[in-house]
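K.L.:
Residues per chain are reported as follows:
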Amino acid sequence: MSKKRIIVVGNGMVGHNFINTLATSENSSEFELVTFSEEPRLAYDRVQLSKYFSGYTAADLALTTADDYERQGVVFTLNDKVVAINSHEKTITTASGRKEGYDKLVLATGSYPFVPPIPGKDQDHCLVYRTIEDLEAISASAAVSKTGVVVGGGLLGLEAANALKQAGLETHVVEFAPRLMAVQLDEGGGQLLRRKIEDLGVTVHTEKNTKEIVVGQECRYRMNFADGSFLETDMILFSAGIRPQDELARQFGLDLGERGGIVINDYCQTSDEDIYAIGECALWDNKIFGLVAPGYQMAKVSAAHIVSSLITHEEPALAFKGADMSTKLKLLGVDVASIGDAHGHTAGSQSYVFNDDIAEVYKRLIVSADGKKLLGAVLVGEAEAYGTLLQLMLNDMDIPGNPAALILPAVDGEASVGLGVAALPETAQICSCFDVTKGDLAAAVQGGCCTMGDIKDATKASTGCGGCSALVKQVMDAELVALGVEVNNNLCEHFAYTRAELADIIRVKGYTTFAQVLQGHGKGHGCEICKPTVGSVLASFHNEYILKDEHIGLQDTNDIFLGNMQKDGTYSIVPRIAGGEITPDKLIVLGEIAKEYDLYTKITGGQRIDLFGAQLHELPQIWERLVAAGFETGHAYGKSLRTVKSCVGSTWCRYGVLDSVSMAIALENRYKGLRAPHKIKFAVSGCTRECAEAQSKDIGVIATEKGWNLYVCGNGGMRPRHADLFATELDDETLIKTIDRVLMFYVRTADRLQRTSVWMENLEGGLDYLREVVVDDKLGICSELEDAMTRVVSTYQCEWKTTLENPEKLKRFQHFINADEDDSNLLYVRERGQRRPATATERIELVNLSSVQN
Amino acid sequence: MTLLNTLNNAQEQSQDKWNTVCLLDDIAPDTGVCALYQGEQVALFRIGDSDQVFAISNYDPLGEANVLSRGIVGSVGERLVVASPLYKQHYDLATGECLEDSDLLLKTYRVRVVEQQVLLG
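Protein chains in written order, with our numbering: chain A, 1 to 854; chain B, 1 to 121.
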């Protein structure tokens, strides 16, 4: 049977979601998926678009890549718009003249920004805010402007205002209605939002109807308002709502709504049963859904319907039943949420209002006439209750206790009234971005997930907007308890504590040896898990020589001989080459040593040189020479700072804006020797071309013309993770101070062998929380963290130099305690001019050969 | 030490030859060293800073390398063990048994400490 051909018109968030749903379904092999986009790139996250101005690149925003699509067998064409549909032949034609046949056609053409018909709107520097190309245009315009105006004070308008502010413009918002976010917020909420936004330096003008845009006197343009007032500005951004992109459907005879939108049924079919419409171009029950979650829901419904009508011929299991338009977001840093009937339109409804002018928090609950059910809510300034309130409303649950308690702040000693997750039905949707229900989460936990990281991988819950993360964790924990799983975070059989707890104990009690910790808080004799863990924590806080008698038994395979053990028991040697910068003289020394000891030599990924195959007794001899030549240990063997990779930066590069090499060397020398829960890698790039690949590192630093941008918690390797942008435009001093705090907080709180990326994923509150701790000093521990780091920096020693000065310690560096012989088990063959350990087969041949010769 | 043990030791000493391989102080507390004994590589482990010493083969049969003396000494339940520095399997110091695979049994050696000398026999 030939594959069924599905053509998807438009590759926005919803179109992509549809493709991904079919491509990862069990019937994926039955379909050939083809998509066309008029944009020059594949789907990206439009919800996060304003992050483009805080340093995110198009790649950061991308939802997929050409490679991903190729792997999934998705055929895609960019920059080519579908311009005609022939529903009799079942073909489409593109602008470039391509004609393609389909079995089912899916219109995911999205929407376009509505620009009010104001005279003068089509001039240069009058722009819209929808695509990455729009942002590029805004960026270019902002570079030659001082003042910017956003027309429209809705959700998108305020996002756009944020973008202009980040671009450094004096920013104004002009709104026709009497308040901001008139659709989602009531009078009180709108007023507080306005006040908070004006505090941030954005001027808000409400009840302004723009009559015309003319040449200005102070600025490029002057906007004349109907009430006779005016505002001067250099650029104008229109964000006055969206209109469904239904042009194609209009031309080729599909039914449309009176005010636009492609009419669909509960299965997302248009008036032609083989043509579907999903997302913002679709009109269901005379409503357009301008949020991404309902769009994803339509993608799911239409995909299921296509599978059932073409493949399984069963009754479709899913139908679109409308969507809740509740929303929670951060606008210009202000938490805003709107749930259900935010305006209290329901007959007989009553409301509770909490207004705190000092803390700038406004909350309003709309409840049913009998006071038992929650109908809606508005939250501004603080929206932590969003998850709870939304669940109460969606599941039509009775409000527990006094409704007022839901919005009153917690009094000291009493937990604020929450919603027991046990009360939620299995069908309660916890993550609206990916439609994950409580039942889905429970199933994932039953399938073995027991950390937030596992849950995110398995269900995608909380990987979209992240608004549901606290609730997801509660559901997970409750389910674990229900399963009788005692959440056992014990380090090992000897300690009933996590690494973070042990670190606290060691810090507070001031312990300096493993024996003290074991005696006070453990049992048995210790093991290969708790000993290195405690050894590392002691080293993080006290930074003593790790081969001291009381510490030596704690050191893991590599630390105990200050080298990296290879498969045959020999070691590799990695001297520190800070920032990857090395003099020719030092290179020659490395070459001479490698040649003399016949060491296999390889360049590492961290811009240094690894010398393999040194036997125990050779390590001190080799290091004697290295230390004499000015090398230090590279800690390649330790769970500690490895390297700070750098590009050549402004000293040589035509594009470099700051001296990345000097910064990399300074950072490497500052943090070298810091023992941590796992290895730590840095990189510093001299400009946004990012040649040092800093965004794949635990700590990444990228130069901009205004200072350093700091990224944290990235990872390459087994589970790659893009680092999160943490702080921008820092000077040298602030950069180092911030890194000090982040690293020491990681050292104190991470689990054993937990890289920063996983630490971040499991950190409750995530990036925002880390920022609160490190930047806002929420816990009041920043100076303590800095002091702790200063102590580590000031007590640094090269462990190899110290070892060479201790003849007692050197006695251990020989294979036999009672003989000078080498390990007879070592056998090598030569390959490409260097030696390597013999394979099992080669060993047999070599041994036979030598016995024949003997 | 009981009378019986003393007798046994005396008999052993008379029947076998005990050889000093190193000093007790050569083995840092809770670590191991490797000694060459009658052509074989023997891993010696000292428990804490006591004079309790164990001796097993230095060859890690799973990692196929002579490295066990460089593992971490610890306990699993009541048993004293060393964890292989290569792939972390545990070997019982008293019996040589691999805890992860009880079919694997390492050779053990008789060991005693007399006047700060470590002897194999």
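Just so you know, not all the hints are guaranteed correct.
Taking beta-carbon pairs under 8 Å as the criterion, some of the chain A residues facing chain B (in silico) [to be verified]:
#1 560
#2 568
#3 836
Quick caveat, the hints were computed from the structure, so don't treat them as lab data.
Note that this is a predicted model, so its numbers are computed, not measured.
Glycine is no exception: its CB is placed at the ideal position from the N, C-alpha and C atoms.
K.L.:
For the restraint on residue 568 of chain A, tell me whether the closest CB of chain B is nearer than 8 Å.
P.N.:
Holds. Min distance 5 Å.
K.L.:
Using 8 Å as the Cβ threshold, decide whether residue 836 of chain A counts as touching chain B.
P.N.:
This hint is violated: residue 836 of chain A lies away from chain B, its Cβ roughly 15 Å from the closest one there, beyond 8 Å.
K.L.:
Would the hint on residue 560 of chain A stand, with a C-beta cut-off of 8 Å toward chain B?
P.N.:
holds, 6 Å
In terms of the numbered hints stated before, the structure departs from hint 3 and from no other.
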